[in-house]
Structure formats: structure tokens, C-alpha cells
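Number of protein chains: 4
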Amino acid sequence: MKDVVKDPLKVEQIIKSAQKEFVDQGFTRAKTETIAKNAGVSKGLIFHYYGSKANLYYETFVTTMEMITEKADLTVWTGAENLESMIKNALIYKMKLQIEYKTEFALSMQAYTSLTELPELEQQKVADYIKKQMAEYVPMMSGPVIDRLNLRDGVTQEQVISLVGTVGSAVQDKSKVFLQQHPEATVADLQPIVDEAVALIEIIEHGALKPESDTK
Amino acid sequence: MKDVVKDPLKVEQIIKSAQKEFVDQGFTRAKTETIAKNAGVSKGLIFHYYGSKANLYYETFVTTMEMITEKADLTVWTGAENLESMIKNALIYKMKLQIEYKTEFALSMQAYTSLTELPELEQQKVADYIKKQMAEYVPMMSGPVIDRLNLRDGVTQEQVISLVGTVGSAVQDKSKVFLQQHPEATVADLQPIVDEAVALIEIIEHGALKPESDTK
Amino acid sequence: MKDVVKDPLKVEQIIKSAQKEFVDQGFTRAKTETIAKNAGVSKGLIFHYYGSKANLYYETFVTTMEMITEKADLTVWTGAENLESMIKNALIYKMKLQIEYKTEFALSMQAYTSLTELPELEQQKVADYIKKQMAEYVPMMSGPVIDRLNLRDGVTQEQVISLVGTVGSAVQDKSKVFLQQHPEATVADLQPIVDEAVALIEIIEHGALKPESDTK
Amino acid sequence: MKDVVKDPLKVEQIIKSAQKEFVDQGFTRAKTETIAKNAGVSKGLIFHYYGSKANLYYETFVTTMEMITEKADLTVWTGAENLESMIKNALIYKMKLQIEYKTEFALSMQAYTSLTELPELEQQKVADYIKKQMAEYVPMMSGPVIDRLNLRDGVTQEQVISLVGTVGSAVQDKSKVFLQQHPEATVADLQPIVDEAVALIEIIEHGALKPESDTK
DNA sequence: CATGAATGAGTTTTCATTCAT
DNA sequence: TATGAATGAAAACTCATTCAT
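Chains as they are written, first to last, in our numbering: chain A, -8 to 207; chain B, -8 to 207; chain C, -8 to 207; chain D, -8 to 207.
Check before you lean on any hint, since a few could be wrong.
Stated by the list, open to error - From the structure, some residues in chain A lie toward chain B, with a derived Cβ separation under 8 Å:
1) VAL(-4)
2) LEU154
3) ALA199
To be verified - Just a few of them, taken from the derived set where beta-carbon distance is under 8 Å, the chain A residues facing chain B:
4) THR19
5) ARG20
6) THR23
7) GLU108
8) VAL146
9) GLN148
10) GLN150
11) ILE195
To be verified - Straight-line distance between alpha carbons at most 30 Å, and here's what the computed DSSO-like set of lysine-lysine pairs gives:
12) B/LYS34 - D/LYS28
13) D/LYS34 - B/LYS22
14) D/LYS28 - D/LYS(-3)
Quick caveat, the hints were computed from the structure, so don't treat them as lab data. We treat Cβ as the ideally placed atom computed from N, Cα and C, and that holds for glycine.
Generate the whole structure from the sequences, applying the supplied hints.
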């Protein structure tokens, strides 16, 4: 597929249409016909560009992930003074993105879930991409703040990252469901979910930090 | 389908074969032909019993969930003195089950993930089942112990349940991946995952409980 | 099939159930399962007795025809003085039967129509039966009256029989449709159809008979 | 189905092949595979064009009816001076068509007969089409001549139309059977059937008209 | 004799993919 | 390069028929 010359405009239309269809229908029930129609191109072009539906999925996924990570402003993670404010900032920022790029986020969250629907090869490729991303981003995102935390004896940075990550995922899940049910929601509407999460982070913080540093 | 007389032995063989095929291939790639062959019955019988592949999935899922919940010994949850030992006991017990009933657990964990592959109707039915289960079991399992905990001011039971549940899910995910990669694993092999989780719970406990009670 | 000992009661139930199902659904869409269930016997027995669905159809058809012709009181045809009264009597009598034996009549009328749905062999057998019946009954029924008619020169008995038969068929068709739409209809409700037909017969009579005899 | 672009040539081949298969085998026993093969197209294309076998039947039926009515030269009906010559002309003309378009006519005559084989929806659609056609054509065809007839007192136009129609149907039935048995028959071979029918019409005419007008 | 659970051949239908234009 | 009509392999599903009990 590498040597096929692609019209950037059409690529954009195809990917956008594919994102929507894959998110709405899942990989299996998504129809290339529908994707092509909504993209305003022919079915043939999609296969010309991407070779197969499975590879279209992979490319759509990768493109989407790149777009998301590109938009991600790491400073909201790295600039915070304590866990609580970091999470709060990060969550709010993420929710802004999640609202603005609803479909893209949904796709990224659905990817792991869609794995079994894919053929062997693409299954592997998507899984590898996710693994690579994880390895790269999770520490990068939380590390700088974690470094500055005054952890209790016996508590490791990895544990804190793990707990925070877990809570973050849960928040993202809740937001997704909420956004599916309220497509016109704003950040304000998601505030309760943020507040809930922040409260949980507070508990974690209290449990992870040395008493003297356990005051904000 | 309710009034079709079913041979319990064949039902068992079919469900078992279906569990394996659905777990291995996912709903879409699973072939009724293969399920029938491995169950030692005819394709026709499966349709005679279950009406459609989608409904076979639903019935397989429900049967599996019932089997799992039936095996679940709630006392491991309800009998513990503190969060840490409760989680420890529960996790170890759950892992034993997860090893013994690898396929069943995999199916139960895959269900949510398979939703988009199912036709509308079954999608709804599976989702409803999951929702109902959640509502029923989560509080029942963690409630009794949580009740006895001496929570810090400002920390609610719901928050603790939420945190513990989140960690539990993460452990289950890790175990599943591990078991896929090491099909012959024993509980001992999963011990590191348990230990990790227990450490996280300790942090949560420390963060959630009043200082005076925060010593075991 | 001849050497299979059959329980007369069960035969009756099967035939009755088969008549209804074949009439309601047509041969193709009729299900042996449904026939067996409504007959209160097992599917197996039907095949034990009749060997195949197609042969069941044939036997049902023949039994039905025999029942109808047995009930037919030929004197209503043979006793009349003129065409008009013959037809009138005959039609009314036939309608009584058609109301009383709705399903049986419907089956007999549907038979020709169902031919293409049958396998070669039964197609032939049903067609032969119809042909034989026609050859036997039509002249027997109208002959005696026709013999007594004083036909115009150039008008043959065959022509009159043909015209009368044609009108008779048309009436039967109309009655059937009417009975389908008004299952609880009585002979009185069908009177308009009879009157219409009688008027047509009057015209035929007028056209077929010598002027001097053309007055009742 | 309306918005699928269809190659007129292929449509023609498919419809032609479908006509033959449906006439030869009836709806149920007709195989889409056979239709496709004889049409020189793939099975897939037929479903692409028509969506289902049942709808293919409906479209084949409608196309056939349209072709027949298009070919029908109404002047043969409307131009005649008296009943007898009208029928004679019409029958002969119709038989020419029936010979030339044997399959098409056979399909049109079989339609009513095939109704029970079709799924509910198509059953309805075909029945509706037939009803609509009937309502539209019968009066148009016979009306103009009937209008000019000098009917006896007590004889209505409707009655004459009814009788003539009945005879016409009977002729068509006979011709169809004859043509099935003698596929190479010409109009001349069908002459006896026409003559028979004309004789019947004469009788009707004699019976329906005022004596003074009852001479040609 | 009678049963009805089980079979599997036979069909329809779907849709990713191809390829002539 | 782009199209989209056409393909046909792959699967789900049906139901008459069988046969062990």
C-alpha cells in the first residue's frame, strides 16, 4: 500500500467516514459500501488505497491515535504540583478533547475491544500499536508529577501510576457512555464525573503520600 | 425456543463447544459448523435448540455467567476483616476459578467487547444481563466488609467500592492476558499479580481509613 | 404405503389437519410439523403412514375429493326441468356444501393451482385424478337435464355444458373468496352470487334454446 | 432496490431467464442459481439487483405483465362491430401473442396460482397488481363494443362482460395446456379452440341481444 | 406401532474484493 | 488514478426425512 499515491483530501474523507462507521457499527458490521458512500468516494478507491477492510481499520486506528496524541497537551500532565490537581487538569482537558473528538476517542477506546473481529495480522498490528503507545505515553504523562511526590515508604511510583491509570480509564469509560447518551454534552455536563474521579484520586493521594506532605 | 425439548448432555456439549469457539474466534469468526462438529452434534440441532447463532451466543453467555456466579463463594468476600485480606482472599479465590474455568471467564470478560458484533436484539439482551448482574453482585460482594471499615471523614463507601472494583477489574484483565499466554499456569504463577493488587489495595486502605484503624 | 396398517382415527385427524394446513399455506409453505401437531400425532407417524409430504398431499387431496363427491347429491342436477332451475338448485346445494365443508372445497379448488409445487410424480397423479374426475362427473351431472333441453339448431349439448360449467366455476371462485373474507357466512349471504349466476344462465338458456321453448 | 443502477441488457437476460425458470419450475422449485446461470450473470448480481428471490419474482411478474399489455392492441377489442367478431378477432390476436410470448403468458397465468408459494409481502403485492390490472383493463377492453350492443330487456352490460370474460379465460386456459403439450404450435393449430369459443359467444350473443339485432 | 429428537443436504443471502473501463 | 458493477466464496438457516427407542 505504501507505493500508492493518495489524494490527501480523499484520504481525509475516507478516514473520517471510516471512523464514524467503525465506531457506530463495530468492525464486523461496518460496511465498506457505507464508508465509501459517506466519504464521497468509490468503494474501489478504498481498496486501491488500503487493500482490505481490515487494513483500512488499522490505518484508521493509527491515524486516529496519532491525531489524538498530537492534540494532547502534555503540559497539563507535567505541569501540575500534586496528584489531585494533575488529574483534575488532565481529566478536564481530556474531556474537552473527548467532546470535541468524540468519534476519534470512541474509536481509540473501542480498538482493544474490536481485536477479535480482526484477521490475525491486523489483530497483531493493532495490539502492538496499543502496547507501544502504552509503554511510551503512560510514564511520560504521569512521570514528571509522580517524581515530585513525596511517597510513603513502601509505595512505589509504579503503584501510583497504576492506580491513577485505572481511575483514569474508568473515568474515560463513564464519559464515553455519557457522551453516547448525551451527544450534545459540554464539559460542564461531565463535571460530576470529574469530581467523582478527583475524590478517588484524593483518597489514593492520602494513601500514597507521607502524612506531612498529605496536605494541599 | 423455550418449548424445545433439549437433551441435557447435548446442551452441555454444545455450550462447551460454543464457549471455546466464541472465545477463540469472537462471535463473528466463530462458525456454527465448527461448534457443531466439536460438540459432536449436527448443525441442525443447534438451530433446532437455539434458533440462531446470535441466540446461541446469548444462551452460551448466560449459561456461563450462571455457572460462574454459582461457583462463586461469597463468603470469601463477606467473611474478611479488612479490605486487604478481603481482596487478597477474593483475588486468589477468583484466580483459582479463572484457572479452572479459563474459557468461561474469558467468555464473560469478552462479552462486553463482543457487543457490537451482535445483532441489535441480542446486543440489548446481553447488555441488559450485564447491567442486571452488576447491580446485583457488586454491592453484595463488597458491602459487608466495607460496612465494617472505619472510614475517614469525607470518604464514602461508594468511593471505596469504586476504587476496589477498579483494581479488581484491572487484575482480572491482567490475569486473562497472562492465562492466554501461559495456558498451563497455576495459581502460584498468578501470585505476583495478586501481590501487586494487594499492594494497591493497601494504599487505598491507607488513604481511606482513619489513622488509628490504619494499622493491621 | 399400502401395506401399512393405519389407525382410522389417526388417519382422520391427520387428513383433517393436512387439509387445513395445505389450504392455509399452500403445499410449499405447509409444514409437516404443524400438520402433525394439529393432528395430535407425531411427525414420524405421518411419514410412516404416507411416506412423504408430497404423497400426504396426494392422499389428502384424493380423500377430500372422495368425501365431496360422496356428499354430492346428484339428484339436484338430474331432477331439474330446465337449465335455469337446475343451475339454481345445483348452485344452492353446492354452496351449502361449500359452507359446511369450506376447507375441503378450498383444497379441491386449490389443487390445480398447486400442481407446480409438487414433485413430478405427485404432479402427475393429482393431474390424472382431476382429469378422471372431470371426465366422469361433468357429463353425469349436466347430461340428464341437457338431454331434455330443446336446443336450437347449431347448438350442441357440449357447448351448453361448457358454458354452464364455465359459469359454475366462476361462481365457485367468487364463493370461495367471499367465504375467505366472511368465514361465518351462511347460504343466505351467498344468495347474491347465486342470483347473478342464475341471471347469466338465463341468458345462456335464452341463447341456446329454441324460441318456443324459451319460456319458463 | 430502486436506486441500484442496472445494466438493461443484464436485466433483460435475468428477467428472461427468470420467466423461464419460474414457469418451468414454479416459484419454490426455481433456483436462483439456475436463473443466474442461464442469464449468464452471477448469483450475486441477481441479489444486487432484486434483493431477494421473492422480489425477483415480483419484478419478473410485473415486467412480464407490462410487456404483455404493451403488446396488446386494444383496437382488436374496441374496433369490432359485434360481440362475435370482437371475440373472434381478440382471441385470434391474443393467441398470436400467446404463441409468440408463450413463456410470458404462461407466467401471467401462473401468477395467481403461485401466490401461496410467496412470502406474505410479495403475495400481497402480486395480488394487488392483479386486482389493479383487472379493474383497469376488463372494462376498457370489452366496454366499447358492449356499449353498441342492443341488449334485450333485463340483460345488463355487466352480465355480458362477465359471460364473455368467463369464456375468454376458459379459452386461455385451454390454449395454455395445448401449448404446453405442443410447444411448436401455430395459430392455425389453435383455430379449433377459437372456433369453439366463437360458437359459445354466438350462443351468448343470441341469448343477450334483442331478436331483431340477433342477426349478423 | 408410534415417537420426536436429530440429521444434513440444499438454498438463500451477504459483502469484501476484483477488474474492465 | 478512480469507478462501481459484477463476482462468488462463505455462512446462516430450513425442514423433509430418518431411526433408535
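Quick rundown of the hints versus the structure:
no.	hint	verdict
1	VAL(-4)	violated, 33 Å
2	LEU154	holds, 6 Å
3	ALA199	holds, 5 Å
4	THR19	holds, 4 Å
5	ARG20	holds, 7 Å
6	THR23	violated, 15 Å
7	GLU108	holds, 6 Å
8	VAL146	holds, 6 Å
9	GLN148	violated, 12 Å
10	GLN150	holds, 6 Å
11	ILE195	holds, 6 Å
12	B/LYS34 - D/LYS28	holds, 29 Å
13	D/LYS34 - B/LYS22	holds, 23 Å
14	D/LYS28 - D/LYS(-3)	holds, 18 Å
When the structure is compared with the earlier hints, violations turn up for hints 1, 6, 9 and for no others.
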